[in-house]
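**Q** Please model the complete structure; the sequences and the hints are all you need to start from.
2 protein chains.
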Amino acid sequence: MKIGILIFDEMTQLDATGPFEAFARIPGATVLLVAKHRRPVVAQFGLTVIPNTDLRYCPKLDILCVAGGSGVNDLLLDDEVLEFVRRQAKTAKYTTSVCTGSLVLGAAGLLRGKRAACHWASLPMLAAFGAKPSAKRIEHDGKLITAGGVTSGIDFGLWIAAKLAGRTAARRIQLMIQYDPKPPFRAGTPRQAGARLTRAHVRKNEEFQAARAALVARAAARLP
Amino acid sequence: MKIGILIFDEMTQLDATGPFEAFARIPGATVLLVAKHRRPVVAQFGLTVIPNTDLRYCPKLDILCVAGGSGVNDLLLDDEVLEFVRRQAKTAKYTTSVCTGSLVLGAAGLLRGKRAACHWASLPMLAAFGAKPSAKRIEHDGKLITAGGVTSGIDFGLWIAAKLAGRTAARRIQLMIQYDPKPPFRAGTPRQAGARLTRAHVRKNEEFQAARAALVARAAARLP
Numbered sequence: 000m001k002i003g004i005l006i007f008d009e010m011t012q013l014d015a016t017g018p019f020e021a022f023a024r025i026p027g028a029t030v031l032l033v034a035k036h037r038r039p040v041v042a043q044f045g046l047t048v049i050p051n052t053d054l055r056y057c058p059k060l061d062i063l064c065v066a067g068g069s070g071v072n073d074l075l076l077d078d079e080v081l082e083f084v085r086r087q088a089k090t091a092k093y094t095t096s097v098c099t100g101s102l103v104l105g106a107a108g109l110l111r112g113k114r115a116a117c118h119w120a121s122l123p124m125l126a127a128f129g130a131k132p133s134a135k136r137i138e139h140d141g142k143l144i145t146a147g148g149v150t151s152g153i154d155f156g157l158w159i160a161a162k163l164a165g166r167t168a169a170r171r172i173q174l175m176i177q178y179d180p181k182p183p184f185r186a187g188t189p190r191q192a193g194a195r196l197t198r199a200h201v202r203k204n205e206e207f208q209a210a211r212a213a214l215v216a217r218a219a220a221r222l223p
Numbered sequence: 000m001k002i003g004i005l006i007f008d009e010m011t012q013l014d015a016t017g018p019f020e021a022f023a024r025i026p027g028a029t030v031l032l033v034a035k036h037r038r039p040v041v042a043q044f045g046l047t048v049i050p051n052t053d054l055r056y057c058p059k060l061d062i063l064c065v066a067g068g069s070g071v072n073d074l075l076l077d078d079e080v081l082e083f084v085r086r087q088a089k090t091a092k093y094t095t096s097v098c099t100g101s102l103v104l105g106a107a108g109l110l111r112g113k114r115a116a117c118h119w120a121s122l123p124m125l126a127a128f129g130a131k132p133s134a135k136r137i138e139h140d141g142k143l144i145t146a147g148g149v150t151s152g153i154d155f156g157l158w159i160a161a162k163l164a165g166r167t168a169a170r171r172i173q174l175m176i177q178y179d180p181k182p183p184f185r186a187g188t189p190r191q192a193g194a195r196l197t198r199a200h201v202r203k204n205e206e207f208q209a210a211r212a213a214l215v216a217r218a219a220a221r222l223p
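Protein sequence lines, in the order shown, are assigned to chains U and D. Following numbering that gives the first Met the number 0, the numbering of the first sequence begins with 0 at its first residue and continues without gaps. Following numbering that gives the first Met the number 0, the numbering of the second sequence begins with 0 at its first residue and continues without gaps.
Treat the hints with care, as some may be off.
Said to hold, decoys possible - Here are some of the chain D residues that sit facing chain U, going by a computed Cβ distance under 7 Å:
#1 Gln12
#2 Asn72
#3 Tyr93
#4 Arg170
#5 Pro183
What the hints assert, rightly or not - Derived EDC-like pairs: lysine to aspartate or glutamate, alpha-carbon spacing no greater than 20 Å straight-line:
#6 D:Lys92 with D:Asp77
#7 D:Lys1 with D:Asp53
#8 U:Lys181 with D:Asp140
#9 D:Lys181 with U:Asp140
#10 D:Lys1 with D:Asp61
#11 D:Lys35 with D:Asp8
Since the hints were made in silico from the structure, they are not lab data. Every residue, glycine too, gets a C-beta built ideally from N, C-alpha and C.
**A** Now the structure itself:
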């Protein structure tokens with residue numbers, strides 16, 4: 000059972016490291032961090048991870064998981080990455096993503112007509128790829144499983160663990176990682192955070208999101 | 000504002016990467032991954048991270064956070080590491096840990112008479128260091144803040160963000176990382192998981208935990 004997580008510079012590291020912690024504890028699973036190049040990957044805020052393999056040498060995966068983050072923008076028109084995603088998706092049991100990783104699945108042409116999740120701030124952009132944007136924390140549509148923003152990847156990792164190894168194995172992993180979350184505040188979604196805080200965040204990221212939307216439009220225009 | 004996370008081989012990577020994601024988003028904060036040596040740190044299950052600095056060159060930290068994991072066993076009698084922890088704790092605003100990182104704080108002599116949290120499976124061992132074991136997800140006793148097992152580090156990271164930058168900043172970080180957890184199962188504590196699953200886990204780790212208990216006893220015997 001081979002699970003590959005696609006990582007890249009300026010990814011949100013928790014998009015990858017959250018599910019990694021659940022995946023790695025699945026009995027019989029091997030988790031590979033896959034990057035375009037073999038050099039260390041520098042995530043947002045500088046956390047630096049050494050990948051296990053690259054696009055070319057990555058074996059056939061049972062599960063492909065694409066992380067998200069601001070670095071997604073650099074992948075949306077990257078044919079080498081998109082071709083890798085398409086190729087793996089053909090034979091994978093599940094093709095998956097966390098956070099804005101679903102934009103990469105969209106750019107690879109895998110979301111047409113599918114329900115898919117994403118980080119709330121970029122969720123509407125999925126429509127450009129023909130997807131049906133879903134505000135769920137875990138969205139499941141056939142072979143496609145997509146998680147919402149960042150920390151959704153932990154819920155998603157346990158969900159995948161159950162799919163692959165059964166409910167008891169997944170519950171055992173949950174016990175090992177003591178996942179009985181107790182957020183100190185209630186602000187994990189725009190609704191919980193309220194209009195004012197959400198607006199402040201959206202305004203601060205306006206320029207970045209506009210650049211992303213332009214890339215998404217170009218990527219969508221290239222789809223057959 | 001300098002926040003240092005002590006990382007080491009065979010740590011549980013999510014103990015470090017969970018709080019990192021919250022810490023790094025605190026306005027004005029710099030997060031350093033500190034290791035005994037500058038070479039890459041290989042966490043449990045092989046995830047490999049490049050540290051930013053080492054014990055010797057690490058600047059004075061405002062917050063020290065010690066990660067946990069099976070590699071904690073190698074630190075309990077390591078004078079270089081324990082001396083680093085003691086030195087930083089003298090001037091830090093908060094000395095903190097996630098998961099079994101609190102055993103390292105105990106071995107450094109910082110827990111005597113203090114309430115402290117830990118991963119549930121190793122929690123009773125804190126008593127050897129004179130601590131009052133606490134089953135809370137975040138325990139706060141003076142300058143000491145300790146989190147429970149693995150994923151507690153995310154709740155803890157947001158809690159620290161609020162302490163350092165205020166409640167609004169922390170809530171904004173929670174919104175950014177979309178932290179509205181929805182665990183697919185209810186098995187995050189021994190009580191939730193039930194006696195059978197908990198016993199299965201404990202039995203499988205009996206040998207490791209016995210070795211750890213012996214190291215804890217030796218570390219405790221060395222305290223002045």
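**Q** All hints are to be evaluated individually against the structure, with a verdict given for each.
**A** Each hint tested on the structure:
no.	hint	result
1	Gln12	holds (6 Å)
2	Asn72	violated (17 Å)
3	Tyr93	violated (15 Å)
4	Arg170	holds (4 Å)
5	Pro183	holds (5 Å)
6	D:Lys92 with D:Asp77	violated (24 Å)
7	D:Lys1 with D:Asp53	holds (14 Å)
8	U:Lys181 with D:Asp140	holds (19 Å)
9	D:Lys181 with U:Asp140	holds (19 Å)
10	D:Lys1 with D:Asp61	holds (5 Å)
11	D:Lys35 with D:Asp8	holds (10 Å)
Checked against the numbered hints above, the structure breaks hints 2, 3, 6 and satisfies the rest.
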